[in-house]
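> For reference, the chains in residue letters:
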Amino acid sequence: MRCKHVTRRLDAYAAGEVPAEERSRIEAHLATCESCRQALTNLERMGDLFNRASLPPVPDGLAERVMALARTRAASPARATSLWSFAAWRQALSIPMRAAAAVMLVLGLALGILMGRGVWSGPGPTTGTANSASDPLAAYNVDYLTDTPSGSLAESYLSLTSIEKP
Amino acid sequence: MQAVAQGDLDAFNAIVLRHQETVWGIAYRFLGDGHAAEDIAQEAFLRILDAAPRYKPSAEFRTYLSRVVTRLCLDYVRKRRPVYAEHVPEAADATPPGAEQISAREDEKTIRQALDSLPPNQRMAVVLRYWEGLNCRDVAEATETSVKAVERLLARARESLQPKLARLIEK
Numbered sequence: 010m011r012c013k014h015v016t017r018r019l020d021a022y023a024a025g026e027v028p029a030e031e032r033s034r035i036e037a038h039l040a041t042c043e044s045c046r047q048a049l050t051n052l053e054r055m056g057d058l059f060n061r062a063s064l065p066p067v068p069d070g071l072a073e074r075v076m077a078l079a080r081t082r083a084a085s086p087a088r089a090t091s092l093w094s095f096a097a098w099r100q101a102l103s104i105p106m107r108a109a110a111a112v113m114l115v116l117g118l119a120l121g122i123l124m125g126r127g128v129w130s131g132p133g134p135t136t137g138t139a140n141s142a143s144d145p146l147a148a149y150n151v152d153y154l155t156d157t158p159s160g161s162l163a164e165s166y167l168s169l170t171s172i173e174k175p
Numbered sequence: 074m075q076a077v078a079q080g081d082l083d084a085f086n087a088i089v090l091r092h093q094e095t096v097w098g099i100a101y102r103f104l105g106d107g108h109a110a111e112d113i114a115q116e117a118f119l120r121i122l123d124a125a126p127r128y129k130p131s132a133e134f135r136t137y138l139s140r141v142v143t144r145l146c147l148d149y150v151r152k153r154r155p156v157y158a159e160h161v162p163e164a165a166d167a168t169p170p171g172a173e174q175i176s177a178r179e180d181e182k183t184i185r186q187a188l189d190s191l192p193p194n195q196r197m198a199v200v201l202r203y204w205e206g207l208n209c210r211d212v213a214e215a216t217e218t219s220v221k222a223v224e225r226l227l228a229r230a231r232e233s234l235q236p237k238l239a240r241l242i243e244k
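These protein sequences, in sequence, are chains A and B. For the first sequence, the residue numbers in the working numbering are 10 to 175. For the second sequence, the residue numbers in the working numbering are 74 to 244.
Treat the hints as calculated values from the structure; they're not laboratory data. Any given hint could turn out to be false.
Residues of chain B clear of chain A, computed beta-carbon distances all greater than 12 angstroms [as the list claims (entries may be wrong)]:
{"hint": "1", "residue": "Q75"}
{"hint": "2", "residue": "K129"}
{"hint": "3", "residue": "S131"}
{"hint": "4", "residue": "R153"}
{"hint": "5", "residue": "S190"}
{"hint": "6", "residue": "P192"}
{"hint": "7", "residue": "T218"}
{"hint": "8", "residue": "R229"}
Calculated cross-link-like contacts (lysine-lysine; reagent style DSBU-like; alpha-carbon spacing at most 30 angstroms) [as the list claims (entries may be wrong)]:
{"hint": "9", "chain 1": "B", "residue 1": "K221", "chain 2": "A", "residue 2": "K13"}
{"hint": "10", "chain 1": "A", "residue 1": "K13", "chain 2": "B", "residue 2": "K152"}
{"hint": "11", "chain 1": "B", "residue 1": "K182", "chain 2": "B", "residue 2": "K129"}
{"hint": "12", "chain 1": "B", "residue 1": "K221", "chain 2": "B", "residue 2": "K152"}
{"hint": "13", "chain 1": "B", "residue 1": "K237", "chain 2": "B", "residue 2": "K129"}
{"hint": "14", "chain 1": "B", "residue 1": "K152", "chain 2": "B", "residue 2": "K182"}
Here's a subset of chain B near chain A, in silico, CB distances under 7 angstroms, partners left out [what the hints assert, rightly or not]:
{"hint": "15", "residue": "E111"}
{"hint": "16", "residue": "Y149"}
{"hint": "17", "residue": "I242"}
All C-beta atoms in this analysis are idealised placements derived from N, C-alpha and C, irrespective of residue type, glycine included.
Construct the complete structure from the given sequences, taking the supplied hints into account.
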């Protein structure tokens, strides 16, 4: 048996947690190895030292504070799990609320697609090099800075929301 | 725990009263900071309360409890820079300390500094093994590692602590 193995198993040996066969092999090693014997002595003394070190008493009212928090949680079971957990949030919603949320989501997506299509199907970026020298929008293909396509939903929206200049 | 899972707060209160010293002891020994240890102790019990419906008694309750506190303590030090304790809790009495008390405080300060110099996983293994008296298998379960790894952690910790505590060990 080598020192490395004995050193690793020393703690279990000192606590009487090793099987009898291994124990006798460790003892045979300890009988011949001064360094491992010293390590065992140090381990035992270290244990005594830790046992002598005091521990401050449990803070006054710790249990009461824990129980007060526990009662608060018990009063609001949704919070007892995690408020931010999606599963908990989903469970907290009733079926009609879940259905309403799904409908809103679908409507929002449909509206987004509709508006996007209006913009997408408009005239493409101005091509040709003739204008590029004088028109930076054409030169850099920044067509999203051009006017909205005629007749698109985006145009209607902008005309409703824009303020007419005097 | 089965009663706690059914919402029995009296049963939970009994658990808190029975195990508060263990939870406080692990957190305080590991962190060396009373305020942080108290926060961890509170959080540990609340985690246990939350987890009660999912609790499966696969290990001894004390080991399970140690695992909860261990996770919280290790998370705590991962998120915060280590603070090397320069203080030992002051005695509550106003009488000036005698030579023996001063010596005891100095010894505790030396132990604290030696512990704080260990990497968190070694420190936790030392706390669970030498203070809480858990066997290596339970320490492994609490720290979510193997028995072999715990034995190595303890051997390395002893090696690091030895020169720092030599004066006290030989007293």
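> So, for every hint listed, does it hold in this structure?
Consistency of the hints with the structure:
No Cβ of chain A comes within 12 angstroms of the Cβ of Q75 (chain B); the nearest lies about 16 angstroms off, and the non-interface call holds. For K129 (chain B), the requirement that its beta carbon stay farther than 12 angstroms from each beta carbon of chain A is met, with the minimum near 18 angstroms. Non-interface call for S131 (chain B) relative to chain A: holds, since the shortest CB-CB distance, roughly 21 angstroms, exceeds 12 angstroms. The claim that R153 (chain B) is not at the interface with chain A holds, since no C-beta of that chain comes within 12 angstroms of its own (minimum 20 angstroms).
Against the 12 angstroms criterion, S190 (chain B) stays outside the reach of chain A, whose nearest CB is about 15 angstroms from its own CB. The beta carbon of P192 (chain B) is kept farther than 12 angstroms from every beta carbon of chain A, the shortest such distance being approximately 17 angstroms. No beta-carbon of chain A comes within 12 angstroms of the beta-carbon of T218 (chain B); the shortest separation is about 14 angstroms. Non-interface call for R229 (chain B) relative to chain A: violated, since the shortest CB-CB distance, roughly 10 angstroms, does not exceed 12 angstroms.
Taking the CA atoms of K221 (chain B) and K13 (chain A), the gap is near 13 angstroms; set against the 30 angstroms cutoff, the hint holds. A distance of roughly 34 angstroms separates the Cα atoms of K13 (chain A) and K152 (chain B); the hinted pair therefore is violated under the 30 angstroms criterion. This hinted pair does not check out: K182 (chain B) and K129 (chain B) have alpha carbons roughly 40 angstroms apart, beyond 30 angstroms. Under the criterion of a C-alpha separation no larger than 30 angstroms, the hint pairing K221 (chain B) with K152 (chain B) is consistent with the structure, at around 27 angstroms.
A C-alpha spacing of about 41 angstroms is found between K237 (chain B) and K129 (chain B), which places the hinted pair above 30 angstroms, so the restraint is violated. Annotation: proposed proximity of K152 (chain B) to K182 (chain B) holds, straight-line Cα distance about 24 angstroms (limit 30 angstroms). Evaluation of the E111 (chain B) hint against chain A yields a held restraint, the C-beta minimum of about 5 angstroms falling below 7 angstroms. The beta carbon of Y149 (chain B) comes no nearer than 17 angstroms to any beta carbon in chain A, farther than 7 angstroms, and the hint placing it at the interface is violated.
Here the hint on I242 (chain B) is kept, as its CB sits about 4 angstroms from the closest CB of chain A, short of 7 angstroms.
Of the hints listed earlier, those the structure fails to meet are numbers 8, 10, 11, 13 and 16, in rising order.
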